[in-house]
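Student: Listed below are the residues making up each chain.
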Amino acid sequence: MAGKMRLSVIITVVASIFLFTSLAVAAEKVLKIGVLGPFTGPSAKSGKEFKDSVTMALDKIGSKIGNYKIVPVWIDSQSDPAKATNAFAEAIERKGVVAGCLNWHSSVAIACMDLAAQYKVPWIAGMGAAELVVKKWRSNPQKYSYWSCKFWPVPGKLEAGQSVAFMNWALKNGVWKVKAKKAAIFGEDTDWGRNAGENLKKALKAGGWEIAFEDYFALTQTDFYPMLSKYKKAGVTFVGGTTTSAPSMTGLVKQYREVGLKALLFANGLSWVGEWYKLTGKASNGVIDVQAQFGSKAAKAFAKAKKARFGYAPSAPASGLSYDGFNFFIKILRRTLEKYGKITSEDIHKVVMDEVNTGKLTFTEADGAILMKEYKYTAETAPDPVVDTNHYFFPVIQYENGKSSIIFPESMKEKDFTPPM
Amino acid sequence: METGVSKHEMGFFSSVLDRLCLTPLGALLLVLLALLPLIPPFNQQYLLRWLTIVALSAASAIAFDLTAGFINIVNFGYAAILGLGAYTSAILAVRTGLSPWIGIFVGALASGLLGFLTGLLTLRLRGIFAAVMAWFIGLALMGLAIKMVWLTRGPLGLRVPRMFDTSSNEPYYYMMIVMLLVVYVICRWVTRSKMGLAFKAIGQNMEAARTSGVNPTYYRIVNFTLSCTIAGWLGGFYAHYMGILTPDLMHTSKTVEVLAVVYIGGRGSLWGGAFLAFPFLIAMELVRSGFSNLPGLHLVIYGVILILVMIYLPGGIASLYYRFLYKPWGKFWEFMVGYKEND
Amino acid sequence: MLNSYFARAFAWLKTAGGITVATAAVLLVAGTIDRGPYILVNTVVTGGMLGLVAMGLAVILGVLNIAQFAHGEYFMIGGLSAYYVIRPLHAYLDAHPSAFLAMVAPFIAMITATLVGGLAGAVTERVCFNPLRKRSRANWVMNSFLLTVGISVVLVNGDQLLFGTDFKGITHYWPGVVSIAGVFMSVDRVMTFILSLVIVTGFWIFMKYSRTGQAIRAVAQDEMGALMVGINLEWIMVLTMSIGCAMAAVAGASLLFMYPSYPTVGLEPLYMAWFVVILVGLGNVMGALIGGFMVSLLKVLTLEYIGAGWEFVVPSVIIILVLIFKPSGVFGSEVRSVLDQ
Amino acid sequence: MLLEINNLNAGYGFLQILRDVSLKIKKAEYVCLIGPNGAGKSTTLKTIAGIIKPMSGQIVFEGKDISGWPGNRVTRLGISFISEEMNLFTNMTVHENMMMGAYTIKDKNTKNRLLEFAYGLFPRLQERSNQLAGTLSGGERKMLGIGRALMADPKLLLVDEPSFGLAPQLTDQVFSSLDTLRQEGKTILVVEQNVTKTLSVTDRGYVLENGRIELKGPSAELADNAHVRKVFLGV
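Protein chains in written order, with numbering that gives the first Met the number 0: chain A, 0 to 420; chain B, 0 to 342; chain C, 0 to 340; chain D, 0 to 234.
Incorrect hints may appear among the rest.
To be verified - Here are the simulated lysine-lysine pairs, DSS-like style, with alpha carbons at most 25 Å apart:
#1 K196(D) - K23(D)
#2 K281(A) - K176(A)
#3 K207(C) - K107(D)
#4 K200(A) - K180(A)
#5 K110(D) - K207(C)
#6 K414(A) - K372(A)
#7 K402(A) - K281(A)
#8 K181(A) - K261(A)
#9 K133(C) - K52(D)
#10 K215(D) - K185(D)
#11 K154(D) - K26(D)
#12 K105(D) - K207(C)
Said to hold, decoys possible - Quick look at which bits of chain B chain A covers, simulated, 3 or more residues with Cβ under 8 Å:
#13 43–50
#14 88–100
#15 237–245
Hints in this document: simulated from the structure, not taken from any laboratory.
In this text, a Cβ means the ideal position worked out from N, Cα and C, and glycines have one as well.
Based on the sequences and whatever the hints tell you, model everything.
Tutor: And the structure:
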């Protein structure tokens, strides 16, 4: 019993120590910036990639902007909007975060937008792609301008549009022949999966495809034999969809080979987790995808450096986009310092409003962007970036032995499309 | 739970307290809670936000304890039933524009109805079977919330109008504290009436209770209905406080969180979990934020504490209170106000 | 003689178990005729795996009366151990090809996983359940259940702290695809199916004929009686927990090609194992195998006729119905067990 | 002395039931323990059998102090306990139950010999050897309980309420089989409610009241004792 008492005493003491240390005012010229990500829970892997990318970006500038020392504050969203808001508010009030960047889930974005507005703390480069985020943002652009520079456009703009555009092109040019335009859509049963599925459906219908199936499965699903067998029986010629869950996606790709489905597989998000090839092996040959690539020299160097330092092959969206997002953020901070001579939440917000959201301040390859040519926001597109081949753009790629090559659009093509056999 | 002192012997103050089922210590803590937003460091918004969520957990713990600690059935679908209340209120607000102030009560009714049905369905079942049944009802409910996209928007998340048109947390905090008190008083009042005895009798031995004239059917259904109604009511508050609802709210792990608080706090005491929630959950938050380099550490600690309590301290923190503090405090109060604690 | 067998078979068909099995068989045949042989093949192969996961749970439930909520975590431990054995072996094989080693390497991984899982189970029993049992047997089923909830939380987050969040998986154990009745499937699946049948048969023989196996059954039926005939209860409890966890671990190891090991991988196997165990009756070990096939059929049919993602809703509803009308499971007797308290 | 108990205190949790109980049993004796309900008769047997841990006191069996030993070790030493409710393995056949009784014996020949002896004593069991124990009648269950205990080749049999829940002629049957065992040289300690019957067959007896040994002596003397007659026989 004494042990129990001691335990509770220890807990109380630890708790009060935390409280008191936190009350100590931060030293001058320290700039605390928040990094929001899912560091625990089902998406913890993406959170880890965020964290490592931010660490690398900080090391590059020696954690200094002018005479400000940058201190990152990791905010664990725990993949849960309620918990995320708790951590978010605490980071701002207790830890003194003046601004921040990144985020993964749309539901977290929607909950934290309100807090960013309430505390007037600018937050940029959140990934939550769902249309709901855009809708909420547009319902009060002034208020929600604190949550700006969405770093992943609504899926319809890129993934669905690009893949269907590619298929239309391939069919027209005879590089791919199908018996019937019969498609099956799959997706994880989350905001992301459903939204992407909806958009793909729209794009396919517009392209004259018949949608034979639409299946949304749980994030934990790894057995797709029944689903794929069903597709095979019905003779679908295109299977497309997305999931952020690596076990699901790699399982699906592998099993799609195993059941002998001869359709073209559009597996959006296959390489979001660095180890994907360890999980699929050759089964991924011929699968197409629409996504960011470590294409440029700088990007490849980054991927190599990250692998050397942290021991895993980074994924382009989680590692690359978070790296770009954070560097963009640093650029905004520098601009703020240059313009106002100091960095405060209000100043950063002014820069975002006056220069970023109007398209004056962009983040380009010259600035060190590794995934996109240029991240640019305009009044029309905000909070989404400008999407085209010279700005934010995902090409269509095809996997071959663990590597991917751009096959579409033709202007960027690295390799010819190999149709499924 | 007969009171040792008859009503007219007590002073007005004590009599009011007694009607509210509070001990002077409890009342003091309540006053402290009410004043907390004025005391640094708790005058910061994030701490108020934490406290609001913690108070919500505390209130959930009380309602959960009403079934777990009294009729000895662990409602493993508790989070889902709370979620049902949240969704009902939220959908009404979004679709029909119903005021959240009415909506949360409609949500409570919906959850209560489901609680009534669950109570009916688990009548023939005992112990682990009833827990598993409630679990599967919860899983089915969560599955429906995910799949009925046309109604709930599924995992896309349902945006919910907030209760107060302010970004400040104070109104929510005070509302939650009032709700906490109401939940406590209702549960306390019920459990110290004759019904509470019946609950305990059923929880300990259903057959014996039946033979001694207690009708388990009636009491079990009443218990389930009441507990679930409260859960739904709290769910409504959650919906209109967070402003977004996803089916994740109904996940089993959310039930586990409440369950851990109840068991560590001391089941069957009602106040144990509610009291513990404040220091414990806030300490956990601090561990999480203090050791952000070791994500998940706080959950390991959480689990280890639950295991240790289950093995070595089945009565939870409440039993420590009864063993070490209750009597000395009782004497202290007797001395100070001439009031004799009972209960 | 033949007549009496028929009579007994008929009588059995009229029981809840008989009706369920017969209905399942009819549904399976109807589905197969309607949609094709892949329904049958998928049901059978998935069923074997489910049965294996569920059996470990049923053993622990039946003998120790512990409603294991952390079963998925031992599944995760099995996958993890197999991963750390098979990765270096595969790396070695890439450098020094050897047909024989390629054939047996997966077995080495699975055996290691079984041993690690068994050890983990034994440690859990000694560290958690034994002290609880010593302290109090009152309300045992509920208390031990809640204890497993705590164990689950610790193991999931401990795994994340120690091993990180990477998806530790492999492409395959044995390469290649085979065709059964015109349905293609990977060699791994077929092997896992065979393996699960072998393990289940071996386990059945062990329980039925070995001295220790009989002692385990005896403990399950009457602990006091077991003590009276001289069975060492503590040893049997450690052993049983160890066997149950080892079964989860070997399932996790043999399914590594489908479920890479990561902290929260255990959730789905846990749900599925519980579906099976509730369906057939708590603690009915052999029924768990049949239940595995039935739940697998349910999954396949749900996916075929209703759509993905409903695999949780439809079985949940069916389980609720089972619990309402046949709380002891479709094969269970009406005798109230200790689990009923 | 086969079994010697000195100043035994035992109970459940904080509730003490036995107070300073002492008793002695010689080899091949047939001893009974009688007393009113709740006096602690079953508790005594359970404590000897190792099912309940004693709070203090000594249990010496064949010169070995076995107090506090777990039940399985006590059984191995040659003490078989037959509980009131039998604790049969209801989902096993009669034969399997019997074989479980011989769990501590590894030698096949010994097992067969013991099985033959037990079936010889209860031919009814042999007839039903393939039936599930759960389907037996009350009398048969009793026989199986005793038969199973005999399979461990015990030196000392502890029998709790052999007549409990049985019709009179079945009770007689059970008692006559105990008598046979006794003639085979087994030592038996029996706890009974049926005082007249018990005292008429046993050698010696102890009277337990409120957890204490109140009287002891040869059974015939006890049967004539005024106190015993008043309390138990209502005469």
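Student: Among the hints numbered above, which are violated by the structure, and what are their numbers in rising order?
Tutor: When the structure is compared with the hints, only number 14 turns out to be violated.
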